[in-house]
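J.: Chains A and B supply the protein sequences, listed in that same order.
Numbering-wise, the first sequence is residues 1 to 391 according to the numbering used here.
Numbering-wise, the second sequence is residues 392 to 605 according to the numbering used here.
What the hints contain is simulated information worked out from the structure, not anything from laboratory work.
Every residue, glycine too, gets a C-beta built ideally from N, C-alpha and C.
Careful, some of the hints might be misleading.
With a straight-line Cα cutoff of 25 Å, these simulated BS3-like cross-link-like pairs (lysine-lysine) come out [claimed, not checked]: (1) K597/B with K226/A; (2) K151/A with K353/A; (3) K400/B with K151/A; (4) K407/B with K434/B.
Per label pair, the in silico range of CB-to-CB distance [what the hints assert, rightly or not]: (5) E566/B with A302/A: 47 to 55 Å; (6) K67/A with L539/B: 38 to 46 Å; (7) K407/B with A178/A: 39 to 47 Å; (8) E593/B with A22/A: 37 to 45 Å; (9) E593/B with S47/A: 41 to 49 Å; (10) R241/A with Q502/B: 52 to 60 Å; (11) A178/A with L539/B: 40 to 48 Å; (12) E122/A with P514/B: 26 to 34 Å; (13) D479/B with T62/A: 42 to 50 Å; (14) K224/A with E593/B: 43 to 51 Å; (15) K487/B with E41/A: 54 to 62 Å; (16) E412/B with E173/A: 40 to 48 Å; (17) T62/A with P514/B: 19 to 27 Å.
As a plain string of letters, each chain reads:
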Amino acid sequence: MAKPLGFEKPLGMRDILPESLARQRYLEALLREQIEQWGYEEIATPSLEYHDTVGEASVTTTERMFKLLDKQGHTVVLRPDMTAPIARVVSSLYKQIPFPIRLYYQANVFRAQEKEAGRNAEFFQTGVELIGDGSVDADAEVIALAVACLKTAGIRSFQIAIGHADFMAGLLEETVDAQEDRNRLRERLTDRDYVGYRQLVDALPLDTDRRARLYALLRLRGGKGKIDEARELTVNGKARRAVQTVASLWEALEAYGVTEHVLLDFNLVLHLNYYTGIVFEGYAANLGSPLVGGGRYDRLLAQFGRPAPATGFAIKMDRLLQATDAKPPKKRNRLLILYTEANRSRALQEAQKQRQNGRVVITRLISESGQEPPHADDLDVIRITGEEDVG
Amino acid sequence: MSGSDRMQKLTIAMPKGRIFEESLVFLKEAGLTVTADLQESRKLIIPVANSHLQFILAKPTDVPTYVEYGVADVGVVGKDVLLEEERDVYELLDLKIGYCRMMVAGLPDWQPTETPRVATKYPRIASRYFREQGQQVEVIKLNGSVELAPLIGLADRIVDIVSTGQTLRENGLVELEHICEITTRLIANRASYRMKSEAVDEIADKFLSVIPRR
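Pulled out of the complex, with its shape left as it was, chain A reads as follows:
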């Protein structure tokens, strides 16, 4: 690669200028307030983690991590998400703290991008983790909290799609005998290649009933009615239990009064082999990509030696900012105090007094002849000039 030019940043990194950052911080403050009302406490973890611990446990694949070597020669990664570091803390420093543990974070995470040079490789996220509670009510709590967060952030039109990691796996186990074929079907669904999935279903030696059930899987997206449709497709075992969990979850979400924002999608596949139960993803009108994602990950904590069920979500702040027009309330005008050298102490004392009164004050030394103050709509100007009246 050519030597970087002065203005260039590493691929996918970006600057956030004051106006944008003010919006982001404002939204973060709104989310923080909402999340804290649900009893979550904020946590911060290091930017660098060992590849062998957090890196291995993370849902992000190794190719997408930024890796470097520390002075001892260990491979370290820029944290690709906050969930794995939090699992590490809960299993070590927080080992004595009884479950359930409710934690939240507002932090940046790093993921290298393959396509589109300009795509972000550093994301700001606000997320929560509810650790040590395996109940459906815990799933409902984090989903209801995600809904509350999106509302708080001023997103007017949004949908949370909810699925279950076991449903598809269970249905495939019931209908397709060979493990290899099941994997191929799962792969198609994970790739969102429904055409390829149907072609494969057609090609497999299946009876008409099983084929019809595999076809019907693609139509399991919609409201509450899809629960019964899903149940009819299953015989017993894993898939049936998954449907039962979704049905109980729906009841809990009704109790929270959030079902108008919920869409069931039994095909929703998020990070195979990581999520273990309810999964969900949130979308806003006129935004091409999901802005929140989450679900139950009951196997992660065991990797750090403190097995426990857990669930949570992360909101992508850049997408949230795109989807909302919420902005910080207009501030009171800033105060500019212009002063001459002879009036310095009077001017600076006045500035301190005004600051104590809550004003934003900028001071500037001018020459006796007096320059024109810069004009700005959000600026009140005071001049403290002339002969000093005996100090």
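The hints should help you fit chain B onto chain A, whose structure is shown.
T.: Positioned in the frame of chain A, the structure of chain B alone reads:
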């Protein structure tokens, strides 16, 4: 306000070029009347009268990009482009139009060489295919007239789509290996698939009702 968009305005990305005409007939059969001079007109955004639909005309390789980023909710595009672009979109339907096949071609007397070179408009598909075959080849990306490459010694084989095979024959090339069948697909954006589920399903059902008749 309810979670879903009541208006559900739907933007459909249509590919100019090879599969455009066939797609247009397809739309008409599906009950979506589009003004006849669509391709002649220079307009790139075309609203459909009395409906919540609008079309955008795009270069075929850009259709999945528009759909992935959500500036189009759904798109009509060849499987060749989908395989090459690897975009994160839903592939909803095989429209069973625009039939052709992706293949490896070369001169009739082609023999394996020590330093195999393959010219193609589809570098990803070619690399993936030869890797799966256990062959290490140098892939040369060309933007057109791929058939020329073996004739002038730029490459010993090409990877391209073939429908009738006429271009190959005229240039004295033969099909060596068949990679896969290509047809036209209906794709959808991840968010639109959920946020505009009714409108997306409606258009998919309309298309679906036409497919078996063909």
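J.: If a hint holds in the structure, say so; if it does not, say that too.
T.: Here's how the hints hold up against the structure:
| no. | hint | in the structure |
| --- | --- | --- |
| 1 | K597/B with K226/A | holds, 22 Å |
| 2 | K151/A with K353/A | violated, 39 Å |
| 3 | K400/B with K151/A | holds, 23 Å |
| 4 | K407/B with K434/B | holds, 12 Å |
| 5 | E566/B with A302/A: 47 to 55 Å | holds, 53 Å |
| 6 | K67/A with L539/B: 38 to 46 Å | holds, 43 Å |
| 7 | K407/B with A178/A: 39 to 47 Å | holds, 43 Å |
| 8 | E593/B with A22/A: 37 to 45 Å | holds, 42 Å |
| 9 | E593/B with S47/A: 41 to 49 Å | holds, 47 Å |
| 10 | R241/A with Q502/B: 52 to 60 Å | holds, 59 Å |
| 11 | A178/A with L539/B: 40 to 48 Å | holds, 45 Å |
| 12 | E122/A with P514/B: 26 to 34 Å | holds, 29 Å |
| 13 | D479/B with T62/A: 42 to 50 Å | violated, 20 Å |
| 14 | K224/A with E593/B: 43 to 51 Å | violated, 21 Å |
| 15 | K487/B with E41/A: 54 to 62 Å | holds, 56 Å |
| 16 | E412/B with E173/A: 40 to 48 Å | holds, 45 Å |
| 17 | T62/A with P514/B: 19 to 27 Å | holds, 25 Å |
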